[in-house]
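Q: Listed below, chain by chain, are the residues.
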Amino acid sequence: RKEVEQDPGPFNVPEGATVAFNCTYSNSASQSFFWYRQDCRKEPKLLMSVYSSGNEDGRFTAQLNRASQYISLLIRDSKLSDSATYLCVVNWGRQLTFGSGTQLTVLP
Amino acid sequence: GAGVSQSPRYKVAKRGQDVALRCDPISGHVSLFWYQQALGQGPEFLTYFQNEAQLDKSGLPSDRFFAERPEGSVSTLKIQRTQQEDSAVYLCASSSRVGEGGYTFGSGTRLTVV
Numbered sequence: 001r002k003e004v005e006q007d008p009g010p011f012n013v014p015e016g017a018t019v020a021f022n023c024t025y026s027n028s029a030s031q032s033f034f035w036y037r038q039d040c041r042k043e044p045k046l047l048m049s050v051y052s053s054g055n056e057d058g059r060f061t062a063q064l065n066r067a068s069q070y071i072s073l074l075i076r077d078s079k080l081s082d083s084a085t086y087l088c089v090v091n092w093g094r095q096l097t098f099g100s101g102t103q104l105t106v107l108p
Numbered sequence: 001g002a003g004v005s006q007s008p009r010y011k012v013a014k015r016g017q018d019v020a021l022r023c024d025p026i027s028g029h030v031s032l033f034w035y036q037q038a039l040g041q042g043p044e045f046l047t048y049f050q051n052e053a054q055l056d057k058s059g060l061p062s063d064r065f066f067a068e069r070p071e072g073s074v075s076t077l078k079i080q081r082t083q084q085e086d087s088a089v090y091l092c093a094s095s096s097r098v099g100e101g102g103y104t105f106g107s108g109t110r111l112t113v114v
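Taken in sequence, the protein lines are chains R and Y. This note's numbering puts the first residue of the first sequence at 1, with every later residue one more than the last. This note's numbering puts the first residue of the second sequence at 1, with every later residue one more than the last.
Each hint should be verified, as a subset may be incorrect.
Stated by the list, open to error - Quick partial rundown of chain R residues pointing at chain Y, CB under 8 Å, derived from the structure: (1) F34; (2) L46; (3) T97; (4) F98; (5) G99; (6) G101.
To be verified - In silico negatives: residues of chain R with every beta carbon more than 10 Å from chain Y: (7) D7; (8) V13; (9) G16; (10) T24; (11) S28; (12) Q63; (13) V106.
Since the hints were derived computationally from the structure, they do not count as laboratory data. Using N, Cα and C, we set each Cβ at its ideal position, and we do this for glycine too.
Next up, chain Y with everything else stripped away, as it sits in the complex (with noise of 0.2 Å):
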């Protein structure tokens, strides 16, 4: 595609409840991120993926959260018994070069837990 595609945009969930987030990365970009940005805050690093391999879940916040891109394109991140502080916007990045910046993100999907 043209660009990052995260789905849903929005979604609210009950505390408690399993969500999961979608991103679609450029087409061939190698390098996928996920990023968590809270309100007035800086999108802090979860999980990076180069192709469907996982090397870095250093920021993902508990063993709540998981992350998995199968074949190396499409990715999910999937949060388990949401809480309240998992409200945030959920931000996925691609980029087609390995360890270097000027990242694509995509529009994010903001959560509410309520």
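One chain only, chain R, in its complex shape (with noise of 0.2 Å):
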């Protein structure tokens, strides 16, 4: 079983829906969890980091829900720009675990 796991996708929505990524993780000693972005061909990028709180950045909204281990990225309003792969990463310790990324296109 691996140590993030993600619906890989691809998710094909219209430009305005709304739409939403989730993401599990098995080690419950986890202490930091972020989502980033990875365009094609280019490398990862800190998108946000997630909080057991919530917390919005603009049209995206991270959630945390460490009793079930559990991460969710909502995108309302998508547009063109946003279509990438989303990355659900967990950290303990040094290292960044990367899940194997959602693929998201927002067509016109």
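The two chains are supplied separately, each in an independent frame; assemble them into the complex guided by the hints.
A: Structure (structure tokens):
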């Protein structure tokens, strides 16, 4: 079983749609949680950190449920430029552990 | 520098050849990581340096893989006797904070072994 599991998609949604990604992690000692975005043939870039209280950054909302070991990302009013792979990332100790990513394509 | 710089950007190696991949982290960053990303997968941890000390090499897939950071800045990942399964993107990341996330990644080196 992978340490961080995500639905690989692909998710194809029309512009303006709301889309949600889910992720589960296996290590209950995990300390920090993130969503990274990776464009095709580019490096991963930090999208946002995820906190237990939930946090929002513009159209993006992230939630963490430590009891269920579950992380989510909600994108509202999706734009063409949101098309990318979204990586769920968990940190315990020093290293980051990545999920395989969920591919999103926003269609005009 | 302004970001994490990796070279070469692309490398084609014949099976059995040795390769060396370079990472130039953001100046002053203490933590440096190497990751391997296969097509369609997320990055997989290879090794971690804190300054010049290699504190974790548990992710290196075999003894053909070797990494160093002798002066605590530039790092080199060396792969000896490359095999086809070594074909992947090798990503370097650095951070100024020990033990926390939010790392900055370089653009990676795409290695193809033929």
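Q: Against this structure, judge whether each hint is valid.
A: Checked hints:
{"no.": "1", "hint": "F34", "in the structure": "5 Å, holds"}
{"no.": "2", "hint": "L46", "in the structure": "5 Å, holds"}
{"no.": "3", "hint": "T97", "in the structure": "7 Å, holds"}
{"no.": "4", "hint": "F98", "in the structure": "3 Å, holds"}
{"no.": "5", "hint": "G99", "in the structure": "5 Å, holds"}
{"no.": "6", "hint": "G101", "in the structure": "5 Å, holds"}
{"no.": "7", "hint": "D7", "in the structure": "13 Å, holds"}
{"no.": "8", "hint": "V13", "in the structure": "20 Å, holds"}
{"no.": "9", "hint": "G16", "in the structure": "28 Å, holds"}
{"no.": "10", "hint": "T24", "in the structure": "14 Å, holds"}
{"no.": "11", "hint": "S28", "in the structure": "17 Å, holds"}
{"no.": "12", "hint": "Q63", "in the structure": "17 Å, holds"}
{"no.": "13", "hint": "V106", "in the structure": "20 Å, holds"}
Checked against the numbered hints above, the structure violates none of them.
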